[in-house]
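Participant: One-letter residues, chain by chain:
Number of protein chains: 2
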Amino acid sequence: MNKIFKLASRPQGLPKRSDFSYEEAPIPTAGDGELVVKIHFISLDPAMRGWMNDSRSYIRPVEIGEVMRASTVGEVIESKNPQFKVGDHVVGMQGVQSYGLSNGKGLSKVSTKLAPLQTYLGALGGPGLTAYFGLLDVGQPKAGETVLVSAASGAVGSVVGQIAKIKGCRVVGIAGGAEKCRYLTEELGFDAAIDYKNEDVRKAIRKACPDRVDVYFDNVGGEILDHALANLNLRARVVICGAISQYNESSIQGPKNYLSLLVSRARMEGLVIFDYKDRFMEAYADLGKWLATGQLKTKEQVEEGIENFPETLLRLFSGEKMGKLVLKV
Amino acid sequence: MNKIFKLASRPQGLPKRSDFSYEEAPIPTAGDGELVVKIHFISLDPAMRGWMNDSRSYIRPVEIGEVMRASTVGEVIESKNPQFKVGDHVVGMQGVQSYGLSNGKGLSKVSTKLAPLQTYLGALGGPGLTAYFGLLDVGQPKAGETVLVSAASGAVGSVVGQIAKIKGCRVVGIAGGAEKCRYLTEELGFDAAIDYKNEDVRKAIRKACPDRVDVYFDNVGGEILDHALANLNLRARVVICGAISQYNESSIQGPKNYLSLLVSRARMEGLVIFDYKDRFMEAYADLGKWLATGQLKTKEQVEEGIENFPETLLRLFSGEKMGKLVLKV
Numbered sequence: 001m002n003k004i005f006k007l008a009s010r011p012q013g014l015p016k017r018s019d020f021s022y023e024e025a026p027i028p029t030a031g032d033g034e035l036v037v038k039i040h041f042i043s044l045d046p047a048m049r050g051w052m053n054d055s056r057s058y059i060r061p062v063e064i065g066e067v068m069r070a071s072t073v074g075e076v077i078e079s080k081n082p083q084f085k086v087g088d089h090v091v092g093m094q095g096v097q098s099y100g101l102s103n104g105k106g107l108s109k110v111s112t113k114l115a116p117l118q119t120y121l122g123a124l125g126g127p128g129l130t131a132y133f134g135l136l137d138v139g140q141p142k143a144g145e146t147v148l149v150s151a152a153s154g155a156v157g158s159v160v161g162q163i164a165k166i167k168g169c170r171v172v173g174i175a176g177g178a179e180k181c182r183y184l185t186e187e188l189g190f191d192a193a194i195d196y197k198n199e200d201v202r203k204a205i206r207k208a209c210p211d212r213v214d215v216y217f218d219n220v221g222g223e224i225l226d227h228a229l230a231n232l233n234l235r236a237r238v239v240i241c242g243a244i245s246q247y248n249e250s251s252i253q254g255p256k257n258y259l260s261l262l263v264s265r266a267r268m269e270g271l272v273i274f275d276y277k278d279r280f281m282e283a284y285a286d287l288g289k290w291l292a293t294g295q296l297k298t299k300e301q302v303e304e305g306i307e308n309f310p311e312t313l314l315r316l317f318s319g320e321k322m323g324k325l326v327l328k329v
Numbered sequence: 001m002n003k004i005f006k007l008a009s010r011p012q013g014l015p016k017r018s019d020f021s022y023e024e025a026p027i028p029t030a031g032d033g034e035l036v037v038k039i040h041f042i043s044l045d046p047a048m049r050g051w052m053n054d055s056r057s058y059i060r061p062v063e064i065g066e067v068m069r070a071s072t073v074g075e076v077i078e079s080k081n082p083q084f085k086v087g088d089h090v091v092g093m094q095g096v097q098s099y100g101l102s103n104g105k106g107l108s109k110v111s112t113k114l115a116p117l118q119t120y121l122g123a124l125g126g127p128g129l130t131a132y133f134g135l136l137d138v139g140q141p142k143a144g145e146t147v148l149v150s151a152a153s154g155a156v157g158s159v160v161g162q163i164a165k166i167k168g169c170r171v172v173g174i175a176g177g178a179e180k181c182r183y184l185t186e187e188l189g190f191d192a193a194i195d196y197k198n199e200d201v202r203k204a205i206r207k208a209c210p211d212r213v214d215v216y217f218d219n220v221g222g223e224i225l226d227h228a229l230a231n232l233n234l235r236a237r238v239v240i241c242g243a244i245s246q247y248n249e250s251s252i253q254g255p256k257n258y259l260s261l262l263v264s265r266a267r268m269e270g271l272v273i274f275d276y277k278d279r280f281m282e283a284y285a286d287l288g289k290w291l292a293t294g295q296l297k298t299k300e301q302v303e304e305g306i307e308n309f310p311e312t313l314l315r316l317f318s319g320e321k322m323g324k325l326v327l328k329v
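Protein chains in written order, with this note's numbering: chain A, 1 to 329; chain B, 1 to 329.
Just so you know, these hints were derived from the structure itself, not from any lab.
Values in this document were obtained by computation on a predicted structure and should not be read as measured data.
Incorrect hints may have been included.
When chains are identical, the list treats them as one kind, so a pair holds in a single copy or across two.
[What the hints assert, rightly or not] Calculated cross-link-like contacts (lysine-lysine; reagent style BS3-like; alpha-carbon spacing at most 30 Å):
| hint | residue 1 | residue 2 |
| --- | --- | --- |
| 1 | Lys3 | Lys80 |
| 2 | Lys256 | Lys207 |
| 3 | Lys328 | Lys80 |
| 4 | Lys3 | Lys16 |
| 5 | Lys113 | Lys167 |
All chains should be modelled from the sequences, with the hints used to inform the complete structure.
Facilitator: Okay, structure coming up:
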C-alpha cells in the first residue's frame, strides 16, 4: 500500500497530527512516460512549516487535501519513461508518501557510490546547496574574516561552517546544548561554539568574535539575529536563510537592531535556492569533492517509519536532533 | 557675542530645551593658522538626535558640555589661515553657535553664484550627497523600475525622488499631509504620493506601485518600513538611510516583515555618507548640473534666531516643516 500524509488544515503554531490526514491507497502504476518511485527517505525541513501557510512566499502553499510537500529520495520500481530505468535512485520532491508517481520532471538520478542515499537530502541536497550559495554568493566571505552561523549543527548550518573553514575564515557556530557545541568544535573544526541555551549570546559572540562578525548566516531569527546584528563589523553581510524561531509564532519578531545595518554600513539579504538552478552543477562538484576528501562531514539523524511523520517533524522546532533530520519510510 | 548651545544632558525621548545649555561668550579671535566664521545658517538634521545618545554609532557621541554638533554655512570674518580669506563662504560642521573658530580642517569654500548659502546645507550638502549615493550606489535603480521613498518631501527624500525621476524610474513618495503630497506630484514631478496620515499605507503602496517596489529608500523606519517590505519586487533593494519615527523611542520597532527579504530575494543595506568622501566631487558635479538645468528643485524652510534652536529642532520630529529645515542665525 502507498502510505500518504496530506495537509488537512493550516496549523496554528506548531503543526499537530490533526493538521494532517493519513491515508492508504494502492501503489500507483506508471502510465505512458511515467515512472513509480519507492521512496526510501523523506526530508524534514524547516521550510515545510512555511509551505503550510496560506501566504505569499517564494513557492505556492500546499493546498488543503494535497500530499504534504517534501524532498524525497528513492528507487525506481516501474518505468515507462525512457530516461529512467528500474533500480535507478532518484531525488525529487515527491512528498510525504511511500510511493511516488512521476512524469520524470523534477527528478534527478543520484549515485550511492559517493554517498548514502539520505545524504542527497542533506549536504548533497537542498540544505547543502542553500549553504553553498547562501554563504559564497550572498555572504561572500574572504579568507581571514569571521563567519557566524546559527543553527550551526543543523543541515544547512553545519555545511555553512565547514565551507567557511575551507575558505580560510574564522568560524563560530551557535547551537543548543553542550553536545551540539562539542560536535561543532571537535568534529567539524569550528573555531568556537556558543550554546544559546546556556550562555549570554551577545557576550559570547563578542568574546568568540574579537574582530566582530563579517558574515552572519541566519537560520533562526528572533533574539539571536538581534545579538548578531549588535556585533557586526563594518560592511558585514547578513544572510537571511530562515527564521525557525519564528515559524510557529502568530506575530514575527522583527530585528530591533536593524539600524546596525546603517551604523556598520552592512547588508542583509535573503536567498531562495531555486534561483541558482543553473549553477547547481558547480555546487555539486565542490560539495562532492569536499565530501570525498573528508573536508566536508555530514550527519543525518534517521528516524524510522512514515507513520511517525507529524511527531518527527516537530523535532525540527524542539531541536531534538543532530544534523540533517530524515525519515526512513 | 557668540551665542552657543551645548549639550547639557542626554535626552529621554524628544529633546527638551533643558537638554541644552545656552551660553554667551566673546566672539573668538583667530590664532596662527586659524580663522573665524560668522555662521549664517545652521542645519537641523534628524541624525542630530542620534548624536546625542551615548551609544556606538558611525560617529562619536556629542559629549555633555560640548557645543551641539551641527552642519553650518557662514562667512569668514577673520583669517590667519592662508587658504581662507575674509569674505569667503564656507560650509562645515561648526555646531550650534553664531561664530565658529577653526583651523580650516573640514571647511569647504562654496559659491553663492550657483545657489543661495542655505542650499549648501540641503540639496548641495549632506542631505543631497546622502540622497545621491544612497539611491544610486546602494539602491542602484534602473530605468523603468519603481522607486518608493519615505519622508519624501524632506531634505533627503525630495532629492532621492528627483534623482530617480532623472534616471527614468517611476517614483512614489510617502509624506504626511495633503500639502506635502501635492508638493511632490505638482512641483517635484513624482508619479504618485501617499499621505501616511490619511491613507492605508500598505494598500496605497500596492495601488501606486502596481509592479511592486524595486528600490525602497527608507528615512523613517517603523510601520512604514513594514508596509514597504510587504510590497517588494523580486531582487528589490531597501536603502536604510534613517529611522526618524524611532529616534525618540526607548525601544526600536524592528521590521516584522523582514522575511520579505527572503521571499523576494531582496537586500536591505545601510549607508553613511562619510564613506563616500573621495566621490563627493562626482556628486556635486551632477547635483550642480541638475540644479542649474532646473531638473532638481530645492526648498528650504528657514526659521529665524539661534535662540529658538531647541524648539526648531523638534519640527523635524513633528513634521511641521517643508523641505530642508535650517535655522538662520
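Participant: It remains to establish, for every hint, whether it holds in the given structure.
Facilitator: Going down the list of hints, with the structure as the test:
1. Lys3 - Lys80: within (23 Å within a copy, 90 Å between copies)
2. Lys256 - Lys207: both (22 Å within a copy, 29 Å between copies)
3. Lys328 - Lys80: Within. Shortest intra-copy distance 26 Å satisfies the 30 Å Cα cut-off; inter-copy 84 Å does not.
4. Lys3 - Lys16: Within. Shortest intra-copy distance 18 Å satisfies the 30 Å Cα cut-off; inter-copy 69 Å does not.
5. Lys113 - Lys167: Answer is within; shortest intra-copy Cα gap is 26 Å, inter-copy 55 Å.
Checked against the numbered hints listed earlier, the structure breaks none of them; every hint is satisfied.
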